[in-house]
Amino acid sequence: MNVTSSNHNIRKAKSFAMNGLCILCAVLVILPLGLILFYLIQKGASSLNWAFFTGLPKSAGVPGGGMGNAIVGTLELLALASGIGVPIGVLGGVYLSEYGGERMNTWIRFWADVLNGVPSIVWGMVAYALVVLPMKGFSAWAGALALAFIMIPLVLRTTEEVLALVPRSYREAALALGLPQWKTIVRIILPTARRGIITGILLAMGRVAGETAPLLFTALGNDYWNKNLSKPIAALPLEIFNYSISPYDDWNRQAWAGALVLVAMTFCLSLSVRLFSTGRFQKNT
Amino acid sequence: MNTEVATTPLSPAPGRAGARSGTRLGDTLFHLVCLGGALVVGVLLALVLWQLFKGSSLALKQFGWKFFTGSEWNPVTDQFGALPFIFGTLVSSGIALLIAVPLGIGTAIYLTDLAPVKLRQPMTSLIEMLAAVPSVVWGLWGLFVLMPLLRASIYPLLQKWFGFLPLFQGPIYGIGLLTSGIILAIMILPIVTSVSREVLRSVPNLQREAAYALGATRWEVTRIAVLSYARRGLFGAAVLGLGRAIGETMAVTMVIGNTPFIGWSLFHPAGTLASGIANEFTEATTDIYQSSLFELGLVLLGVTILVNIVAQAMVRAFTTAETRQVA
Amino acid sequence: MNLTMTPEETKTAPRGQADHAGTAAPRPQSKPNAAATSSPAAPALSVKNLSVFFGKHQVLKSVSLNIDARAVTAIIGPSGCGKSTFLRSLNRMHELVPTSRVEGDIRLFGEDIYSKSVEPVIVRRRVGMVFQKSNPFPTMSIGENVVVGLRLNGVRNRTVLAEQTEKSLRMAALWDEVKDRLNAPAISLSGGQQQRLCIARALAVQPEVLLMDEPASALDPLATSKIEDLIRELRKDYTIVIVTHNMQQAARASDYTAFFYMGDLVEFGPTAQIFTSPKQKRTEDYVTGRFG
Numbered sequence: 001m002n003v004t005s006s007n008h009n010i011r012k013a014k015s016f017a018m019n020g021l022c023i024l025c026a027v028l029v030i031l032p033l034g035l036i037l038f039y040l041i042q043k044g045a046s047s048l049n050w051a052f053f054t055g056l057p058k059s060a061g062v063p064g065g066g067m068g069n070a071i072v073g074t075l076e077l078l079a080l081a082s083g084i085g086v087p088i089g090v091l092g093g094v095y096l097s098e099y100g101g102e103r104m105n106t107w108i109r110f111w112a113d114v115l116n117g118v119p120s121i122v123w124g125m126v127a128y129a130l131v132v133l134p135m136k137g138f139s140a141w142a143g144a145l146a147l148a149f150i151m152i153p154l155v156l157r158t159t160e161e162v163l164a165l166v167p168r169s170y171r172e173a174a175l176a177l178g179l180p181q182w183k184t185i186v187r188i189i190l191p192t193a194r195r196g197i198i199t200g201i202l203l204a205m206g207r208v209a210g211e212t213a214p215l216l217f218t219a220l221g222n223d224y225w226n227k228n229l230s231k232p233i234a235a236l237p238l239e240i241f242n243y244s245i246s247p248y249d250d251w252n253r254q255a256w257a258g259a260l261v262l263v264a265m266t267f268c269l270s271l272s273v274r275l276f277s278t279g280r281f282q283k284n285t
Numbered sequence: 001m002n003t004e005v006a007t008t009p010l011s012p013a014p015g016r017a018g019a020r021s022g023t024r025l026g027d028t029l030f031h032l033v034c035l036g037g038a039l040v041v042g043v044l045l046a047l048v049l050w051q052l053f054k055g056s057s058l059a060l061k062q063f064g065w066k067f068f069t070g071s072e073w074n075p076v077t078d079q080f081g082a083l084p085f086i087f088g089t090l091v092s093s094g095i096a097l098l099i100a101v102p103l104g105i106g107t108a109i110y111l112t113d114l115a116p117v118k119l120r121q122p123m124t125s126l127i128e129m130l131a132a133v134p135s136v137v138w139g140l141w142g143l144f145v146l147m148p149l150l151r152a153s154i155y156p157l158l159q160k161w162f163g164f165l166p167l168f169q170g171p172i173y174g175i176g177l178l179t180s181g182i183i184l185a186i187m188i189l190p191i192v193t194s195v196s197r198e199v200l201r202s203v204p205n206l207q208r209e210a211a212y213a214l215g216a217t218r219w220e221v222t223r224i225a226v227l228s229y230a231r232r233g234l235f236g237a238a239v240l241g242l243g244r245a246i247g248e249t250m251a252v253t254m255v256i257g258n259t260p261f262i263g264w265s266l267f268h269p270a271g272t273l274a275s276g277i278a279n280e281f282t283e284a285t286t287d288i289y290q291s292s293l294f295e296l297g298l299v300l301l302g303v304t305i306l307v308n309i310v311a312q313a314m315v316r317a318f319t320t321a322e323t324r325q326v327a
Numbered sequence: 001m002n003l004t005m006t007p008e009e010t011k012t013a014p015r016g017q018a019d020h021a022g023t024a025a026p027r028p029q030s031k032p033n034a035a036a037t038s039s040p041a042a043p044a045l046s047v048k049n050l051s052v053f054f055g056k057h058q059v060l061k062s063v064s065l066n067i068d069a070r071a072v073t074a075i076i077g078p079s080g081c082g083k084s085t086f087l088r089s090l091n092r093m094h095e096l097v098p099t100s101r102v103e104g105d106i107r108l109f110g111e112d113i114y115s116k117s118v119e120p121v122i123v124r125r126r127v128g129m130v131f132q133k134s135n136p137f138p139t140m141s142i143g144e145n146v147v148v149g150l151r152l153n154g155v156r157n158r159t160v161l162a163e164q165t166e167k168s169l170r171m172a173a174l175w176d177e178v179k180d181r182l183n184a185p186a187i188s189l190s191g192g193q194q195q196r197l198c199i200a201r202a203l204a205v206q207p208e209v210l211l212m213d214e215p216a217s218a219l220d221p222l223a224t225s226k227i228e229d230l231i232r233e234l235r236k237d238y239t240i241v242i243v244t245h246n247m248q249q250a251a252r253a254s255d256y257t258a259f260f261y262m263g264d265l266v267e268f269g270p271t272a273q274i275f276t277s278p279k280q281k282r283t284e285d286y287v288t289g290r291f292g
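Residue numbers (this note's numbering), protein chains in the order written: chain A, 1 to 285; chain B, 1 to 327; chain C, 1 to 292.
Just chain A, with the same shape it has in the complex (with noise of 0.2 Å):
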């Protein structure tokens, strides 16, 4: 069997033209990465100025005024879901990867990872059921718990994750001391995964900064600085939302701006992530 050299160069062309196209996969995946920061800058940078960061929203058609409430609001509301879902998945995690049994350890696991891909909508409708239905009114709470479910499976399996990775040889020691299992998890354990632990729970926290299904009937939204949990919030994703589909220009250009400050806080979450995560792991292994 002869290599013919018109297949030889068949195949030379096809595999030149094949892996040619494989690059233009790669840039056609990464283009629109830099045309939206492109566009968010273009089209956001010069409204941010300290009204917008300050001011609370205009009545409609009437421009001016900021997106202060909304920052603020998200602000708030990421506390309130943090505080109640990362205590209860990080206990959760601990569950799985110091006391569960292999069988529990696996259903555990499994609605775990079928919690994180319920769409976040779905989770506004619990809430919805749930709090704002019974307390007759939109509130803070009602959008803090839509956000806490979804922060609930992700940051109890990061935590096992991490804690998984924390050597033996520590339990075994602090056990063969005479330390109460309790007190070896929470003053050596935990301490220990510290870093993955934080970044497991940045990470959940980024998630939920951007989330707005949640919120639509939920926190509401409010065009006033919240004082009172129990009623509707602001939040920076709904304001977007609400100002992009609206028919003013003033409004659609805030909706930019506020976008603009949105993707830089959840930047910054996702590199204070990396950041956080690149000295841990070398140290444990």
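Keep in mind that the hints were calculated from the coordinates and are not lab data.
It is possible that part of the hints are untrue.
Unchecked claim - Covered stretches of chain C (chain B as the covering partner; in silico rule of three or more C-beta atoms under 8 Å from a C-beta of chain B):
1. 86-97
2. 146-158
3. 199-207
A quick note: this is a predicted structure, and the numbers were derived from the prediction, not measured.
The beta carbon of each residue, even a glycine, is placed where N, CA and C say it ideally should be.
Let chain A serve as the given structure and place chains B and C on it in line with the hints.
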């Protein structure tokens, strides 16, 4: 030297019982608290199913199976059939898959076998950053940048060249099925790419070497030794992308037009399960209206859970088999 | 003359399909150049001052030797001595590692395989390789595995492929065991059978040289002896270079042996001489088991 170390008796002496059982109490309490945390996961799952069933009970009773086959969604006459939203979900997700799967696998091939080693991690990080962009921001960009571009330049071309297909006929609104499919594709690219990359990386190098040793070109090695070996895992990656696309809400809501629609034209506005809920929930004035929206949520939940379970099983089966072989 | 087929060669060499009927012997007989004009003992591969680097690390230090055609040459030495690297430099497989670098000269029947105008793809077709761990393509059947190389080269005719399948499997002493189940998945075979399948796959493209990297190390003694018998048979038609850490195997199966140590070629000669009266002390120490 007399060091004062209190020796704890092995069995609690009477009166000293407090110390030992205090520890035992601490252990038990902590154990229970952690167990509670873990069980919350099960509780959440039960909760979501219960609340959705409860919320949609009215519609379930009233419409029964006709909910899924009814093509009319009319809040005015209280007639609610979910078919237009199911249609919109399937079509927009289908378009997203058609675009994102080849792009994602091509990129994964590039990142695994073709890219210079120094470039691989930075590019992977860039793609992960893509996943960090919130849905509403994609919607904003889609609405103000992508849609006008498509409406002005691309869509008319499509209609000119391929207008003989009913897919590309009809008035061009800008917002609609095709635009939402494209935005969805951009949003599921990160997960399809990263899972595909994991799958391709777990193909043993020995397979590639076997193909190289036969005198295969680079692409032939990819085709014979990598892609066909990784078929199942790559399919799982695609199904994962599908699961993500089905549940995506905000970006779709902003560019799809939110009109119940079943038809051939890809340029026509439509609605998905998620976008329907997002758009109409706060306006649901009657009980049956709200209940029907809950039922949309139930369908959405059911489909997403199913798709995700299948996808994860496929990917897991593939990668664990490979790591076991290589180890 | 270079390894990319020149127009003259394509005319003399039959196109694709007709070749199957003829030669059991590999192509070198029909090539106008190379062995025909030189002495009968012309080397299949001549290696001169070969040094291989991975980044800054030098794995092979100026190795020179000649590998005779239609003979079995064994490469022995302790772990890390560079024998696998040496083998892989013979079909340019080390190039899969991005940091690799080669100095020196390797000629396949007189042609420089590292010349700029030569593509690795062509070299690898003419110098085949069998690996330590058998690696049949799992998504293909037994028959598909055998002819995958042929298919790549454009052979489509079913009759030709079927004949080549039988021929290669017979040469690999596997035909009788699989002839009734060519459509079965390749991974349904046992370890030893899979390795013989890989040998058949390599032979199907009719290479001039067959490289074997510890082909029996993952196999049980029965399968190993079958492979060794196979090597003895193949020697009649192919040039074989085999890396092995099993000295008895080298002694049994090869005509020539090269002993490597820490990247140097310590000694090279007829197997009988290397094992009974080695010239270098280090060789003697190794073959008598004092280290390694």
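Evaluated hints:
no.: 1; hint: 86-97; in the structure: holds (count 3)
no.: 2; hint: 146-158; in the structure: holds (count 4)
no.: 3; hint: 199-207; in the structure: holds (count 3)
Consistency with the previously given hints is maintained throughout, with no hint failing.
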